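Chemist: So the chains spell out like this:
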Amino acid sequence: MTVLLALLVAPSGASAITAVPRSGGSSNADSIAELYKIILAISVVIFLAVEGFLIRALLKYRASNGAVAQETSVTPRSEIGWAIGATVLVAVLAALTFIKLPSIADTPAGKTITVNVTGRQYIWRFTYGNTLTSPFTYTQMVVPSDTVVVLKIQSTDVIHSWWIPALGGKTDAIPGNTTSTWFKAPTPKSPEGDLYNGQSAQLGGRQFANMLASVRVLTPAAYAVWLAKQTAELKAANKQSFDTRKKLTQDGQIPNLSPAP
Amino acid sequence: MSATSQTGNNGLPEIVTSTVAPKTARQRWISAFTTTDHKRIGRLFIGTAFGFFIVGGTEAVLLRLQLGVANNSLITPDHYNQLFTMHGTTMMFLFLTPMVIGLANYILPLQLGARRTAFPRIGALAYWLFLAGGIALYATLLFTPPEAGWTSYPPLSSAEFSPSAGQDHWIYLFLLTGLSALLSSINFIATSITMRAPGMSWSRVPVFAWTILAYAGLTIVALPVAAGAASMLLFDRNFGTSFFDPTAGGSPLLWQDLFWFFGQPQSYMALLPAFGIVTEVLAVFAGKASGTQKAITRSVLLIAGLSLLTWGSRMFTTGGSNTLNGIFMITTLLVFVPTVSIIFSWLSMLNKGAIVTSSPFLYAAGFVSVFVFGTLTGLFLAIFPVDWQLDDTAFVTAQFHYTVAAGAIFGLLAALHYWYPKLSGRLVSESLAKVAFWLIFAGFNITFLVQYSLGLDGMPARIYEYSTTSGWGAESLISTVGSVLLSIGILIAAVNFIRSYTNGALAGPDPWTGNTLEWFTPSPPPEHNFDVVPTVHSVEPMRDIRAEIARSSTGV
Ligand code: HEM
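Residue numbers (the numbering used here), protein chains in the order written: chain W, 269 to 529; chain C, 2 to 557.
These are computed hints drawn from the structure, not numbers from a lab. Please note that a few of the clues may not be correct.
What the hints assert, rightly or not - Only pairs whose alpha carbons sit at most 25 Å apart, straight line, appear in this in silico SDA-like list of lysine to any residue: (1) Lys368(W) x Ile331(C); (2) Lys368(W) x Gly472(C); (3) Lys328(W) x Ala290(C); (4) Lys435(C) x Thr401(W); (5) Lys379(W) x Lys353(C); (6) Lys305(W) x Ala290(C); (7) Lys497(W) x Glu460(W); (8) Lys353(C) x Lys497(W); (9) Lys497(W) x Ile381(W); (10) Lys353(C) x Leu316(W); (11) Lys353(C) x Lys420(W); (12) Lys507(W) x Thr395(W); (13) Lys435(C) x Ala337(W); (14) Lys435(C) x Lys368(W); (15) Lys379(W) x Ala496(W); (16) Lys507(W) x Val418(W); (17) Lys435(C) x Ala331(W); (18) Lys435(C) x Asn446(C); (19) Lys328(W) x Leu348(C); (20) Lys368(W) x Glu302(W); (21) Lys420(W) x Asp258(C); (22) Lys435(C) x Glu460(W).
To be verified - Sample of chain W residues lacking proximity to chain C, with all beta carbon distances greater than 12 Å (derived): (23) Thr340; (24) Thr380; (25) Ala469.
As the structure is a computational prediction, the values presented were derived from the model and not from experiment. Ideal placement from N, C-alpha and C gives every residue a C-beta, glycine not left out.
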């Protein structure tokens with residue numbers, strides 16, 4: 269036991285017990301964490317009361333201590349009482365959920381960009397735009413801070429699940445469907461930007477454990493620079509490949525030529 | 002009183018059996034395969050299911066050994082996926098359900114005062130179907146076991162992404178064990194309707210029998226839906242249909258709807274009999290009659306009904322409308338209401354009792370204490386925005402094991418310790434049973450408590466490795482140590498059962514002063530169960546019988 273406890277508090281990168289989901293990268297994650305904490309508070313109270321009562325009864329009413337059983341029967345009154353109590357509790361929880369829901373589910377107004385997220389065994393692809401020549405990255409998404417980033421999530425093979433814990437909940441990537449979620453990250457502290465890590469949460473096959481994802485948040489200005497550079501590089505690469513193909517076609521080495529980018 | 006007409010001689014039962022010629026060895030062998038005696042079928046189910054429990058537990062320990070340290074290479078990724086698929090499938094379909102069916106086969110007719118089940122041959126067929134399902138699944142060890150998880154989501158489970166026949170065998174297992182459960186359920190319901198002892202009105206049916214009825218009813222409603230889905234998957238894989246293939250107009254989400262329509266109640270189906278067992282054990286070992294029984298029965302039936310409306314709570318992350326999510330949140334939260342009623346009934350049963358902490362009681366009380374935790378943490382998963390953070394993580398693994406697996410481990414071990422004297426005629430070693438219990442209790446909590454934390458810290462379920470930078474190493478190691486303790490405890494319990502079978506002290510018909518009719522029979526009961534079926538006057542007939550005997554022997 270002591271070894272276990274020592275392990276728990278051991279330093280060297282080992283985390284202590286976590287009791288709340290991650291948050292801090294986006295307001296929807298923060299709202300979820302707040303809702304979580306309310307349920308946590310309620311359940312801790314119930315837990316202590318019930319387990320306390322249980323342990324007390326187990327210790328106190330032992331036949332070996334000469335306890336004599338007194339018949340109990342659950343009266344309709346206590347049954348109805350419990351039912352009302354529990355119903356009120358779940359009604360409160362449901363109400364709180366619906367109160368918090370808009371701050372979690374509704375995409376806020378304001379400056380917005382859309383990133384297309386495509387999951388496939390075992391890598392995430394991010395496309396910044398809707399054309400064939402839009403810039404794209406794999407594994408790491410780059411976004412501007414203080415901007416609503418809407419994600420359109422798809423899969424080309426099996427079901428995956430998009431999840432960066434500090435940026436909010438999961439959204440499944442389902443072949444044949446497009447699902448959507450959003451986040452809005454705060455201004456990064458350093459010029460390289462803030463990094464948020466996550467990974468696919470839905471079993472997608474053998475290397476599912478390594479379907480990692482991260483989001484790098486840059487200031488809007490740095491993001492604009494980054495995007496312009498990506499666009500230019502992609503354009504240059506496309507041009508180069510077009511020129512090469514053109515040359516090969518003229519030399520008669522390959523028959524077809526796709527239209528110029 | 003009318004009982005005197007059936008129990009002559011001062012209220013004591015008459016012995017009316019004659020001697021039976023002993024069977025030859027050959028006859029015994031043949032009868033092992035052809036038996037239609039519900040008790041022998043029950044024992045076959047219980048023994049085989051316990052064997053699968055050990056196999057599934059071994060698989061779980063292998064999983065935990067792989068996850069004990071970061072970047073471990075003990076088990077390859079494909080084997081890891083096969084192991085958790087086999088573990089989940091084995092525990093759900095080859096341990097939990099058949100153990101419940103086995104106990105019900107054995108105990109239900111005895112509790113009802115019946116001499117056999119309504120359809121003895123169907124009861125026997127159910128066993129052989131279950132065994133065939135187990136063989137179909139484990140035959141895949143010879144080639145490639147299934148690796149798409151116990152939920153087998155397409156497209157991952159489709160022919161394109163799981164080409165091996167292992168996935169087909171998973172479907173065979175599902176259909177064979179499903180048919181076994183369906184036939185058993187029909188048998189239980191028919192037996193309960195038609196074969197109850199004289200005087201046993203519905204309000205005098207014991208709570209365990211009620212929970213079996215709830216289980217059976219749910220099985221009949223929900224299982225065919227998933228069996229249909231499994232057949233569709235088989236057709237998709239082998240005959241070119243495309244029910245679940247999005248590239249040909251099919252829908253992968255259709256599978257999730259159909260599977261969880263069964264799979265979510267399945268968790269409750271397995272828990273309800275555990276509720277029944279725990280209720281009876283707590284009552285007997287707290288020296289109480291079943292004054293709380295009606296409340297618990299009502300709640301059990303309510304849970305059974307509500308559970309059919311909760312399947313969407315497993316699909317909160319699929320991007321469905323939040324109106325629908327909200328509806329499923331409310332139905333799932335409503336299950337909390339009767340659950341609270343059950344937990345409070347148990348507490349009031351223990352309150353002011355005269356508790357004897359024998360092994361069955363320890364397991365039952367252990368179940369209550371972990372189940373409270375599992376229920377409360379289940380609230381988080383019902384609240385759908387919070388589930389968006391927790392779904393598919395180690396948090397869900399933890400919560401699942403704190404409820405369903407706790408029902409399977411603590412609930413069914415309580416049942417096995419409670420009814421062991423009836424099955425074998427002997428008592429287990431109490432000291433060994435206590436050692437086993439405390440190891441299991443400690444090991445269980447150490448294994449699964451930290452999993453909540455891991456899930457909150459971002460660890461998905463079903464990953465075969467994680468990096469050193471993840472920060473999950475310490476808790477994972479704790480969990481692995483816990484699983485070793487847990488499995489040592491289970492092995493000690495198994496050794497105890499095996500040793501006591503020949504070496505245990507003789508139990509006599511009623512070692513625990515039980516409340517229900519199975520304790521009226523000798524241990525183990527003769528083939529026809531009852532020489533005389535007593536007339537039932539209350540929900541705890543053994544109390545009446547004991548009182549009657551006491552009256553007659555004091556000559557009042
Ligand atoms: C004997 C003690 C047990 C241990 C140590 C154990 C351990 C585990 C572990 C570590 C996993 C997660 C694997 C992963 O996500 O990577 C798991 C999954 C699972 N366990 Fe258990 N378990 C035990 C008993 C049970 C029982 C009794 C049941 C059934 C009622 C059960 C049902 C499941 C299911 C359904 C899964 C999910 C499988 C999947 O992901 O497809 N387990 N178990």
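Chemist: Output the indices of the hints that this structure fails to meet, ascending.
Modeler: As far as the earlier hints go, 2, 4, 5, 6, 8, 11, 14, 16, 22, 23 and 25 are violated by this structure, in ascending order.
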